[in-house]
Amino acid sequence: MSSTPINKPSALQADKASATTSANLPEHISLSKWEDSGFEWAGQVASRSFERLNALLTTEHLQSDLEIKANLYRRNNVLHLSFTLTGEVWLTCQRCLQPIAIDLTDDYDIALLDNESQVRLVGEEQDCLLLDEIITEPAPERLLPLKKLVEDEILLKTPMAPKHDDCEMSVEQFGEIPEEEENENPFAALASLKGKL
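Residue numbers (numbering that gives the first Met the number 0): 0 to 196.
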């Protein structure tokens with residue numbers, strides 16, 4: 000029987016309430032414990048706490064926290080990870096080299112498939128991942144890498160070369176631009192030989 004995010008046992012609600020007050024996004028979710036009953040987490044997370052994202056962030060502007068609401072649930076016998084992300088990060092504009100705000104606000108829903116045959120149970124537009132491909136570390140229990148999956152989606156939404164819509168590339172010219180010398184056409188010598196043969 001599939002469980003939905005709305006129907007949760009009261010003991011689980013109490014457990015979730017304590018998770019909501021935390022400011023650290025869990026690194027992993029134990030599927031052995033939560034895949035059938037569901038899991039929810041909400042809180043604010045420092046954008047610099049994501050290691051790969053941190054390498055892209057500008058140091059020229061204060062970074063604000065990202066608000067994340069995550070939900071693990073089952074629908075049509077398929078496990079789903081959905082989360083809502085609210086906030087922005089500051090990167091460096093590749094034209095003027097000044098800070099630029101990138102809005103990350105969006106809703107995400109990823110179907111977590113036990114095997115490829117489950118693809119038929121989800122819509123064509125649904126993002127899917129095979130659990131065997133994302134749970135790579137051997138452990139006594141199956142741990143879903145929640146923080147890594149959230150960071151993956153953030154990185155997909157982050158432009159590779161951010162730039163302001165209305166900025167001009169600042170170029171300073173030093174010295175004079177040398178004029179190109181006109182070279183002789185290499186085929187001109189062949190043309191002069193053509194009449195002689």
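Derived from the structure by calculation, the hints contain no laboratory data.
Worth double-checking, as some hints may not be accurate.
[Stated by the list, open to error] List of simulated lysine-lysine pairs, DSS-like, C-alpha gap at most 27 Å:
1. K146 to K32
2. K193 to K162
3. K68 to K146
4. K156 to K146
5. K32 to K147
6. K32 to K156
7. K193 to K68
Keep in mind it's a predicted model, so treat the numbers as computed, not measured.
The hints, checked one at a time:
1. K146 to K32: holds (18 Å)
2. K193 to K162: violated (55 Å)
3. K68 to K146: Roughly 12 Å between the alpha carbons, so the hint for K68 and K146 holds.
4. K156 to K146: holds (16 Å)
5. K32 to K147: holds (19 Å)
6. K32 to K156: Roughly 31 Å between the alpha carbons, so the hint for K32 and K156 is violated.
7. K193 to K68: violated (79 Å)
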